[in-house]
Structure formats: structure tokens, C-alpha cells
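A.B. asks: The primary structure of each chain is shown beneath.
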Amino acid sequence: MSEKIPGEDQLPTPGQVLPLAPEPQSAQGVEPGQASGTKPADEVPPPPAANRVMREILSSNWLMTLLAIVLALVVASILIVVTDENVQKAAGYFFARPADTFQAIGRSIGGAYYSLFQGAVYNFARPGFVNGIKPLTETLAFAAPLIAAGLGVAVAFRVGLFNIGGRGQILIAAAVAGWISWSFPLPPFIHMLVAVVGALIGGAVWGGLVGFIKARTGAHEVILTIMLNYVALYLIQFLLKTPGALQAPGTSNPKTPPTDPSAVMPTLSDLLTLLNGGTQVGSFRLNVGFILVILATMFVAWLLNRSSTGFRFRAVGENPHAARVAGIDVKWVFVLAMIISGALVGLAGSIQVLGTNTSGFGDGIDAGIGFDAITVALLGRSRPWGVFFSGILFGALKAGGYSIQAGEGIPIDIVVVVQSVIVLFIAAPPLVRAVFRLPAPGSKPKARRPRLTAEVTR
Amino acid sequence: MKLELQGITKRFGSLVANDHIDLVVEPGEIHCLLGENGAGKSTLMNVLYGLYQADEGSILLDDAVQHFSGPGDAMAAGIGMVHQHFMLIPVFTVAENVMLGHEQTRAGGLLDLAAARAKVREISARFGFDVDPDARIEDLPVGVQQRVEIIKALSRDAKVLVFDEPTAVLTPQETDELMAIMRQLKQSGTAIVFITHKLREVREVADRITVVRLGKVVGEASPTASNSELAAMMVGRSVSLTVEKTPADPGEAALVVRDLSVIDPQNQYVVSHVDFEVRRGEILAIAGVQGNGQTELTEALLGLQPRTEGSVTLDGVEIAGLAPRRILDAGVGFVPEDRGEDGLVGEFTISENLMLDRSNGAPFVRGGAVQKAVLDAFAEEKVREFDIRAQGIGTAVGRLSGGNQQKVVLARELSRELRLFVAAQPTRGVDVGSIEFIHKRIVATRDQGVPIIVVSTELDEVVALADRIAVMYRGGIVGIVPADTPRDVLGLMMAGESPESAGAAVAPAVTTTGAAQ
Ligand SMILES: Nc1ncnc2c1ncn2[C@@H]1O[C@H](COP(=O)(O)OP(=O)(O)OP(=O)(O)O)[C@@H](O)[C@H]1O
Ligand SMILES: [Mg+2]
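One line per chain: the protein sequences are Y and X, in this order.
Here the first sequence stands for residues 178 to 635, where the numbers follow my numbering.
Here the second sequence stands for residues 71 to 587, where the numbers follow my numbering.
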């Protein structure tokens, strides 16, 4: 095909080993440049390298995902064990009483995972079900923005785009949501919904901008999103320092006023308290945001799997050339996908401001969610419900991480290690296969680039 | 080296792609594998080359059982494979490609390029290839690239060489040269497995012919068998190798192309100032050596070329400059030349591929949602109608054999209400039985009054289908001649001779029609 798919050949990504040749066409009796048989290099773009890497990663099956998680937990166990002082001590006299060492190891690992469970699912040490179940609600509360942003990244992935711009999109969305909360006095709940919609629009604009520039100029979305992260960050920092903008009146801190209570997302406790006739039930932070996230997941599932728009998204993600020949407007798909992606990430931003942190925020409101979302999307293989559950897993790791640190004195960084190792193994299926001696799906030939009349191989 | 395959069985899920296949290839023999699309030829060769593991059966080389866990093992054992799509690195030189994978180094870990160059020269000289070791792959024509693949295999002392549909992308001249090379290799004792759908080639070089159908060996054919005997054996029924068609009954001109040019990013005219028209109910075949602007011309008609000049009207409406979507909606059906790249989404199912260019409305989309039931019913019907061999409509198209992939594209494009049908290489890689079917469908479409453009580099196909033939050379149309124009005249026109002088050179009696303007 002759028209360039914008941006495809701008940036070599890790999966791209070599620039692929222009389609060689024999031209006997034809001097090059006359009725040229060879097409110039930039005319026949390679399939987006990102797509190939993504496809490789996303096509790994659920078993691989599960094994990656197991492996990550094993690696984490080893780290926990070797850094545990009791184990070290017992190992000092290993040959005298080896059983001590094993006991210490067992206690160390068991203790860590038990307190992870206590921090993330159910705490038996607390009296009563309402108190006991609080960790699970914490997990879900942490999960909600991760899922929302993960869905956004996943939608972009499915179109073959890397949305690294979650941070910027969250910042913009958060600013819009916050600004609506303290600028427009509206009835409760409606106020919240308006603020959420504002955040969605903010994220959509910030994401859509990427799609627009990419479609217009062919610039690579990775560069665009990263740059727009900075633009958003410094813009927010500027607004936070400008009285009358985002800065709380009467202070000189780069911090916003608290979210207006009528725009705050009602929590599970609020609901239960209402049902209970006004008596306070629990102190759950889990809020309406989680319901919005469930709705968002259902929407994305419908979008990608049932809608014609999603059909076009996937076609462009898998083979933009065939999509173009089939009359699909590839550039518009890029724009639309980035708008939807940005809006979903924006939902995460609204949950942050209207739910997680309602006492006023600074430029750290994204709390790393923009980047964690990439991991969540990868782990969920960019399938909507996959993202949902991987978001919950990450929420659990976050919630449990604090309790491991508090209970066992294991640094919370171990959670980051687990997260990173999961990604490592997801991204390296051959490694996982090798470790578990699974048969390679290479009982089929390796992906080759079809040329001329080549068969579509995978 | 003698190659023996014993009882090779390969299953994909419930599908048995190879069912206890036995095959012996003697040294110095060209052994042709013939079979329908999806018969299991490529699968068998991929087993031989270590890309697939056989579920049963064994591979023997000189009576020793082999165990290949990957192509590396197969190569080391002396098996070479020339894939239909080449596995060369475009920006590397010939010598670099040849040594890739078993690089020899000199002291200090430096690559011994000189040795590789010498090797290329030595093999080239042995077989009379004209290959410059320092040429970059991307600058070479396809035929030469294929030779590099052969050199690469030979440089690793391949004693068994597999060619899987090597001629699908070659010009007739390149094909003849390849045949000569294969004969030479055979003389030097190489055992050759040759897969092709072109019966002419089979009869030209084969020493023995094994016919595979539905994963089983159904017998041997003699190289002296006639085309129709071979075809019948392959397909299991008699196949008519000539297209039955009544003379065209053309209506008024539907597609009118005036002074159309396509300019590539280097500011070259790849199609220059062509004029032609196609009438309702006629097939205009565009002949020519690959790379003379045919691809760009068809893409320009579909709105896929960014820079064009001139005018294209369909039923009186200007379509030049419209977006592909609008042109498709105007009733243009298009079979792109490269189905893997432009025609199909390999990861999509057969059903999904069948709606690929109709994702914007009825019947498959209502209220923004894909009507899965409608689509599946449609897909079931088309799979039956076009005899697409697959496990089901949910099979990913990338898993189909080449010919069946092509049928998916045709099924999609011929199932719409058409006002113009443009097919580039409609039967590339398709077996004789399916060629018969596809040609029939194209003729039937013509008889419904649809104007048709068929681009083909196969003169057989051009002559079989055309009502008129336009010959392209260096981006221009040399002439438009009637379908009964002698082949040698067409041959000369494809080299750039005007129809008049070509006709004069061959037989003074041939005249050109007024259709050529
Ligand atoms: N990786 C795979 N997974 C599932 N099925 C496959 C796979 N590869 C091939 N098949 C199936 O196995 C059968 C044999 O395919 P194969 O490619 O060997 O046919 P072929 O004889 O080479 O046909 P063609 O002449 O069209 O190239 C087909 O039905 C095909 O759909
Ligand atoms: Mg094949």
C-alpha cells in the first residue's frame, strides 16, 4: 500500500529488529524509477512493530498469565526469605539443626502471605464481619482507578497504540473534576455525576489530542503521550501556584481546595449507614467509583467485542493495511480510540479526586496510576474483564502491601517487585514456558511477515 | 541424500492435516507434491523442516531416523527450504544474508565476510547464477532474492531442498530460470521437493509426482500425464481447465478512465496518463510483467493511492479522489494483489473477515452492534458456496491454507451488489479446481452485467478470462487488443512493443481493434 499509516515507522520499538524492506517486485525490462517496480522504503510501512510485540504478549493464554503470577509470588518469597533476619540466624547453624532453618523459612513466607491476605481480603484479628471485611473493600477501592485507567490503556493497545500518557490524562481529568466540584454548586450526586463527566471529557481531550496529532502528522504516540505528560504536569503545577486557578484560596501551598462534599462519591459506609437508619456502619472507603468502573468494563466489553466500532478498532490493531483497503478510516480510528482511551483514564482521575483523595490535591494526584495501568492492561491481556481482575489483583497488592510492612516488617517495595516480576514474565512468555516446560505454541511456525502473495501466517 | 517420510501424521485439534503420509525422495530427483488447497502439503514440509512436530511417523535421511526440534536441526542435517516468502534481511547484503546464522569469524571475533563472499561466488559460478555478493537484498528483484535463498541453503550443504510454491511470485522468465536451476541441482545429486499449483511446471521438471488429497497420499502420477489427468487426480473429479464462457455482450461504458496518472513519493509517474473504459458485462484483463504499474492502477481506482491525476467515472459519477469507503460504497469490489497484507486480518475469524469491508451498516451492523447471528449465517453459507476448507467459520483466517484464504477474499467481494469488480491476481496460489470455480464466478458476475477488471501476470489467466486485453508497460497502456490476440504478440507488447509493430513482427495479419484508444 502506498499511503503511510501515520507514525508506523517513526520509532523503532524493542520488537522491531530490522526495518522491513520495500516489497520487492520483479521488474524485468523495467528500469527502476521509470515504471518503478520497487517501492520506496517509506511507502510500504512494516506492520507496526508495537502491534507485533503486543500481539505476541496478548495472545499468550490465561494459563501463562496465571503461571506468571505464581512465578512472581515464588520470586517474592525467595526475596522475603533471604532478607528475613530469623531465617538468616537459623541458617547460621543450618548443619546443626536444619529443621530450624526450614521452620524459619516457612514462618517467614507464611507470615508474609498471611498478612498480605489480612491486608487485602479479610482480617480475622478484627471483631465482627464489618471490620473483618474492610481489607477487601480497601482492595476494591485501590482497584477502581487502576481498572479504569487499565481499560483506557487496553483500548489503545487493541488499536495498536501505546498510551503512555495516563499520567497527563489523569492530571487533566482530576483538575477538571475538582474545578467543577468547587466552582458549581449543584445538588448532591448530580454534582458528582457532572464532575465525573467533566473528567471524562478532560481525559478524552488530552488523549484525543494525541490521536489527532498522530493522524495529522504521523508523530509516534509514545513520544506524544510522554511529552503531553510533561505538558499536563507543568500546566497543573502552574495552575496550582496561581491564585484563582486551582490553588486553594488563602494558602500559598501548591494544593487545591478540598473537593466539594456534594460532589464526593458516596462510600459503601454512606450507603449502609443510610440503610441502617443513620447509625454509622464501618468506615469503608469503597465508593460509587467502583460501580462506575464495573459499568465502564461492561461498556468496553461491548465496545470491543460487539460493536462495529470495536470491530474496526481490532481490524486496525491487527492489520492496518487490510483495514485501510477495506475502507476503514485508519486515522479516524486512531483519533477515536485515543479519545475513548483518554476518557477511561479520565474516569480514574475523577475517582481519585471525588473518592480517594477529597481533601485537596497536588500534582501527585495520579499516584502512579497512569503507569500502573499499563501493567494492569498487560496482565489483563487487554481483555476488558481480564483488566478488571488484574486491576483487583493489583489493588490487593497495594492494600496488602501496607499490612505486610506493618505486620512483618517487610518493606512495601516487595509488592513492587511482585508487580514488576509479573510484567517481566508476561512479557517473556518463552521464559515462563521454559520454566514450566510447556510445549511452545511454536508447534506452529513463527510469525513471519507475509510478502507479496504470502499466506497469512502467525 | 535420500529422504524418506514414514507415516507422518500431523493434527491441528480435530483436523488431521497430514494422515500417515509416506514419501520417498531419491537423490537427484525432482519430486512434485500436488494437491488441493489445504491438502496438507505445506504442513508436511513444515514437519520436515522442524517447524512442526509430527504427532506420528518418522523422518529418515539415508535410512537414519532424524529428530528435529527446530529448523536449525533440519538445516544441520542437510535440509534446505526455500519459502514462498523469503526469510532474508532486506538491508543486509547477499553475503551477509548467506552467512547469517552460521557466521564464521576470524581472529578477534571479526566476521569473515570475505569467506562468505567467496562462498557466494563459488556457488554462483557452479550454477551460473548472476548474483553479486555485495548487492543489498532490497535492491534485488524477487527472482534473484529467491536465488539468494537457494545459495543460502546450498552454502549449508543442503542435500534435500524444498521449494514451497516458489513460482507464485515469479515472472514467466524467472520461472523458466528457476526450472533450469532445479534441473542443475538435480544433476548434482540434490533431492528436491517441489510444490506448485501450476501443472505446466510440474510436467516440465517433475521426475515423480505424488498427489495429496485431504491429508492423505492418493497416489502417484506420471509426469507424462496430461494436465486434465493431473487435475482430476488432485481434485478427485474432472476439472475443466478452460473457462467456458459465451462471448461478452457488453453494454454501455460503465468505468471511464481518462488521463489517469499515479505519482509515487519520489515524484515518479508509476502510472502515466492511461485512458481506457470498461463496459458493463465485459472483462478487461490487464496483462503485463509484474511491476509495470498494474498494482498502482488498481489501487488508484480504489482510492488507495494518495497522489493521482486525471479522472475516473463510474456510471457517470466521478470517483477519483474519493475515500476508499465511498468507493466501496459505490459498489466497487476489490481483490487486492497481496491478500495477506491488504486483504485479510489474519487473527480475525472467517466470519469477521467476511464483513471486513462492510462494518459500516446493514446487514451486518445494526444500531452500532455487529449482528453476530446474521454474520454467522452468512459465513456458513459462503463457506459452503465457495468451498472454503476450514474447521469452521470461527477459524482464524491466518490458519487457513493459502488458497482457502484467497477464497475468503473472493467470497467477501463477490457477495455484494457490485457495479465494478477489480481483481488483482485473483487465483494466485489457488489450486486448479478452485481456479475453475473462481473463473466461473468471475464470468458469472460479468454475465450479470458487471464491468470487470482482472489484473494478472499469468498469460493463461488473461487469455482465459479476457474479453479485451490491455497490456501495461512502464506505467502506460501499450495497447488494448482483442482476447484472441496471439500470445507472442502479447509477449512482445509486454516488452513494450506497440500492438501494430508487435503484430507486424509476429504475423502481419493481426489488426488491433478500435477499442484501443
Ligand atoms: N497452524 C495451524 N493451525 C490450525 N490449522 C492449520 C494450521 N496450519 C495449517 N492448518 C490447516 O491444515 C490444513 C493443511 O494446510 P496446508 O497449509 O498444509 O495446506 P496446503 O496443502 O499447503 O494448501 P495450499 O495449496 O493452499 O497452500 C488446512 O486445512 C489448514 O487450515
Ligand atoms: Mg501451502
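In case anyone wonders, no lab produced these hints; they're calculated from the structure.
Keep in mind that a hint or two might mislead.
The list that follows gives simulated cross-link-like pairs (lysine to any residue, SDA-like), each with its CA atoms no further than 25 Å apart [unchecked claim]:
#1 X:Lys510 - X:Ser342
#2 Y:Lys508 - X:Ala400
#3 Y:Lys508 - X:Thr419
#4 X:Lys315 - X:Glu487
#5 Y:Lys508 - X:Arg395
Sample of chain Y residues with no beta-carbon within 10 Å of chain X, all distances over it, derived [unchecked claim]:
#6 Arg274
#7 Asn300
#8 Thr450
#9 Ala499
#10 Val502
#11 Ala503
The beta-carbon is built from N, C-alpha and C at its ideal position, and this holds for glycine as well.
A.B. asks: A separate judgement is required for each hint: does it hold in the structure or not?
C.D. replies: Hints, one by one, checked against the model:
1. X:Lys510 - X:Ser342: Answer violated: lysine 510 of chain X to serine 342 of chain X is near 33 Å, above 25 Å.
2. Y:Lys508 - X:Ala400: 21 Å, holds
3. Y:Lys508 - X:Thr419: Holds, because 24 Å separates the two Cα atoms, which is no more than 25 Å.
4. X:Lys315 - X:Glu487: At roughly 22 Å apart (the allowed maximum being 25 Å), glutamate 487 of chain X and lysine 315 of chain X satisfy the hint.
5. Y:Lys508 - X:Arg395: 13 Å, holds
6. Arg274: 46 Å, holds
7. Asn300: Non-interface label on asparagine 300 of chain Y holds, nearest chain X Cβ at 44 Å vs cutoff 10 Å.
8. Thr450: Fine: 40 Å to the nearest Cβ keeps threonine 450 of chain Y off the interface.
9. Ala499: Incorrect as stated: the minimum Cβ-Cβ distance to chain X is 5 Å, not above 10 Å.
10. Val502: 5 Å, violated
11. Ala503: Given a closest Cβ separation of 4 Å, the condition is violated.
The structure fails hints 1, 9, 10, 11 (numbered hints given earlier, in ascending order).
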